[in-house]
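Trainee: This is what each chain is made of:
Number of protein chains: 2
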Amino acid sequence: MSDYIHPYRDAEFVLNELVELDRLCADAGLSDVNGELVSAILAEAGKLGSEVLAPLNRTGDTLGVRLGESGVEETPGFADVYRQFQEGGWPSLTAAEAFGGQGLPNVVGTAVNEIWHSANLAFALCPMLTQGAIESIAHHGSDMLKGSYLPRLVSGEWTGTMNLTEPDAGSDLAAVKTKAVPQGDHYLITGQKIFITWGDHQMTENIAHLVLARLPDAPFGVKGISLFIVPKFLPDREGRFTVRNDVACVSLEHKLGIHGSPTCVMSFGDKEGAVGYLVGEPHKGLAYMFTMMNHARQAVGLQGLSVAERAYQQALPYAKERLQGTNKDGSRFSIIKFPDVRRMLLQMKASNEAMRALALVAAAETDRAHGADAARHQGRVELLTPIVKGWLTELAQEVTALGIQIHGGMGFIEETGAAQHYRDARILTIYEGTTGIQALDLVGRKTLANQGALLADLLEEIGETLQQLEAGGERFAVQANALRNALEAGREARRFLLDNAARDPSLAGSVSVDFLLLFGYLSGGWLLGKSALRAQALLNAGGGDARFLNAKLVTSRFYAEHLLPRTGALLAAIKAGSASIMALDEDQF
Amino acid sequence: MSDYIHPYRDAEFVLNELVELDRLCADAGLSDVNGELVSAILAEAGKLGSEVLAPLNRTGDTLGVRLGESGVEETPGFADVYRQFQEGGWPSLTAAEAFGGQGLPNVVGTAVNEIWHSANLAFALCPMLTQGAIESIAHHGSDMLKGSYLPRLVSGEWTGTMNLTEPDAGSDLAAVKTKAVPQGDHYLITGQKIFITWGDHQMTENIAHLVLARLPDAPFGVKGISLFIVPKFLPDREGRFTVRNDVACVSLEHKLGIHGSPTCVMSFGDKEGAVGYLVGEPHKGLAYMFTMMNHARQAVGLQGLSVAERAYQQALPYAKERLQGTNKDGSRFSIIKFPDVRRMLLQMKASNEAMRALALVAAAETDRAHGADAARHQGRVELLTPIVKGWLTELAQEVTALGIQIHGGMGFIEETGAAQHYRDARILTIYEGTTGIQALDLVGRKTLANQGALLADLLEEIGETLQQLEAGGERFAVQANALRNALEAGREARRFLLDNAARDPSLAGSVSVDFLLLFGYLSGGWLLGKSALRAQALLNAGGGDARFLNAKLVTSRFYAEHLLPRTGALLAAIKAGSASIMALDEDQF
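Read top to bottom, the protein sequences are chains A and B. FYI, the numbering for the first sequence is 1 to 589, going by the UniProt record's numbering. FYI, the numbering for the second sequence is 1 to 589, going by the UniProt record's numbering.
Chain A with its partners taken away, still in its complex shape (with noise of 0.2 Å):
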């Protein structure tokens, strides 16, 4: 089992040179927000990540949760750290003041929600889904649904859930079936969804479930889908919420991982109905979930990061200790002189920087899409967040696994704790769109249906930082090589996809997956080529951690190296188009 610390360097660096924080602060009229209070924010949640939600992490896979009489029963211990989760005010971080929350930009909320999912994930999960919760009410409910719910779940004092997934509705939401029926001043519902996490618990009071359901007069397909909240706790008479709603949890899910974090079958009106009550109009369910769909993509990408960022941790101070090889006298010396552990550590570190970096950057520009140049930022957001969720997502993969190689024979041993972290991340390129959405998502309605005007934008940008590294000579040679030929990569596939996808409709399909790829590594290679111009001026100006900046532009060369050199394997195979894709009959597989 390892210990976990923010890297709170990486986070500070990131948010000071990549996203200029002071600068986003200013412009949002934010006066009283700057770098310093955010480094003091960062130490609090470290605290309580590292000393409290961290220890927690391997009792919740070990000891798992069950389903008892009176609902689910979470991990022994995950109560008590939720309340001084709550009590620390953790869950009103970036929620709006009107409510009780305490108005911080999006960014702030990123940084540290990716301390409690490295400390621990399952649990996390938690307050993440009601953060969603808490977005879906505050943008489209009622005055009085926002006034009896979003006090409680800013506060902490209730959690919500999502619940989207039915049997026969996963990726296709076209085919849910539940049922909502008027009945005065709210709905009788009834159906069963699937993969809720946490959808029971006893941390809290009352937990609000977000619903999507039909009317009865509901159009076909996804355009007939309403949202609906119910709590599971209804107000009894002194409007005390202590009258149980018809909706249960009936089975638990029997997990690779995450096994902290309750994933539910929920049965709707087993017995009268469960009441709920209409969010925003009627049929607009669908388009209610894609409001919030952008943070709670963006948090599973960051979940990526904080995840690899564990196994990083797990795996470096075995490669530190681990004695394995023997010098000519017989001593011993510790695997981490071996090249290629260093190798692998290095993958590992320069994947994680290059997350972060991207993490930030896109939640950032959801704060920005609120100011000046809005709809550039809100651009920039609806570009990056399929890139976040599927990229980050698919990189923890690699990392998570070289967690283990690093540890040998260890690794595969589940008392070591490196398995964990490579069974938790499993979930993250499936869950809240896979991997394949968000890249069809990529292709489709963010750069096919704009003529790839989001894409072009970027990699402008990424053209400007590679001017900086080519007019810096010799110094930043490795990255400005590895992102002219990646940036060229990228441009190339934007021009082959624009090209070609009306002509042939099963190519944006074909090569979406390694499309979105292709734009991660060229991402990554911006953010951590432009983290080693910021890293050397400020080694020029004598400022900052000097050990800790020359090491970063380590990193960003190291990426360049080693990660970079992929786009150009992607795009070949982007070229390749989907004639072989196409070419078998099923019964030829």
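Be a bit skeptical, because a hint or two may be false.
To be verified - Label-pair ranges, simulated between beta-carbon atoms:
hint : chain 1 : residue 1 : chain 2 : residue 2 : range
1    : A       : Thr242    : B       : Pro167    : 53 to 63 Å
2    : A       : Lys337    : B       : Leu37     : 48 to 58 Å
3    : B       : Ser70     : A       : Ala79     : 55 to 65 Å
4    : A       : Glu44     : B       : Ser70     : 50 to 60 Å
5    : B       : Ala477    : A       : Asp504    : 17 to 27 Å
Hint data in this document are derived by calculation from the structure and do not stem from the laboratory. Beta carbons: idealized from backbone N, C-alpha and C, even for Gly.
Given chain A's structure and the hints, the job is docking chain B onto it.
Mentor: Coordinates of chain B only, in the frame set by chain A:
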């Protein structure tokens, strides 16, 4: 849970078209062995695999093994499987006829072993390790040892184990501490061994442990290690094996996968010392281990193919049956219609076919190394062994991960079965020498030690296939272009290593894994290119199963488009050398 059916058409295609089995058998003087007989053997093995081994694969995973009062209790049902396996004569397939073996070529044994590993990886480890024990004794044991042990191991009456690893001696066997003290005609062994696969069970009346230990006068390091046989039971006065030797499993590991395979901590000589018999000469244990290492390493590489094949067979029916898309009229279609799902399936299928081709071609080289032009074939065995072990097992990680991904959320649910293959596969890049160890072997003993001669010979043969593809014109243009680039990458990587390794002691270790993977992808591309040529020739001649042969042309093309280009990215990483890998101080990680 998935059924398993041996993909006999592909195995036979590889055996007939790439291995040229009939010629191999004729050259070896095995006049009664031919393709027809081998097909019959494969059909019989496939039946046992599907009907007997495969149904217990999931049982092994869920029930696992336990340590009882009289030792390790294997998964319920495994003893019966073993009995049928033994009664079928499968343990003796490739063993020498002098000891009751059937004397079939190694490549036939390998084709059959693919079935056992696919059907039940955890179970199949037991006969796999027994085969290793047989080889050690057959090559290095005295006539007395051979006479006592081989007939019983070959018949499957007993099983064998390999006891190498100790807590402080994993990849670095120089640190082995287990002691052997001479006493009359035998030795008394004391020490602890870890990670001993199938170190104990109740399926057979005896187990022969092969153990590395040090004699009292042993020189320091790997040159002071000797090899011993330590039977679980010693003979009583009537020659029946009823006297318990002082060796026991003292605990079992709790592992990420292969739960049906007991991984034992073995204690030797807790009381009076375990009776052991020296195999061959003193201090030559490590050399003896190397004798069978080629076989054992190729066998683990084969497991990579096997578990990947099983993962494919798990994912394919799901993709055909899972309805998730909705047509405009409301009817549903299965996810195999989606190009991205087809891409994932083809990635699995093409990878598997490349792995099968390389595994069987490498296995055939070990047969040919006993005939004409033996030195060249033995050189090829030496060269291909680390590639087969390293590349196939790394590729298996990707294929089993895709197997989960195709299932979406269901892939993360343990009952689905896809997760087991993913967990089981994770050990393969670790045991029998990690990928890093294989890669060091490839760049060191197999390349630098012979100035790249072995690689040059392989590259030349690949060049011949390239010429044939080029001569085929437009029909093979995709394969030819991709193979040309990959071949050039291979040549450049070889030159770069030879030119730079001497002046930079960190270089070989820094680039080794990328070097191994590059030659893995290149070898796969070579053999699938060759497969395309043979498939087309058969089609032109009107022979064979046209739908199968046309599918082979498609997977060959897909591989050239999607997997071969990775060689470019790997070459770039290789040419980056060691600078950034060696740049950081340990505290900068």
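Trainee: Hint by hint, say whether it matches the structure.
Mentor: Cross-check of the supplied hints:
no.: 1; hint: A:Thr242 <-> B:Pro167: 53 to 63 Å; result: 57 Å, holds
no.: 2; hint: A:Lys337 <-> B:Leu37: 48 to 58 Å; result: 52 Å, holds
no.: 3; hint: B:Ser70 <-> A:Ala79: 55 to 65 Å; result: 44 Å, violated
no.: 4; hint: A:Glu44 <-> B:Ser70: 50 to 60 Å; result: 56 Å, holds
no.: 5; hint: B:Ala477 <-> A:Asp504: 17 to 27 Å; result: 19 Å, holds
Of the numbered hints given earlier, the model fails hint 3 alone.
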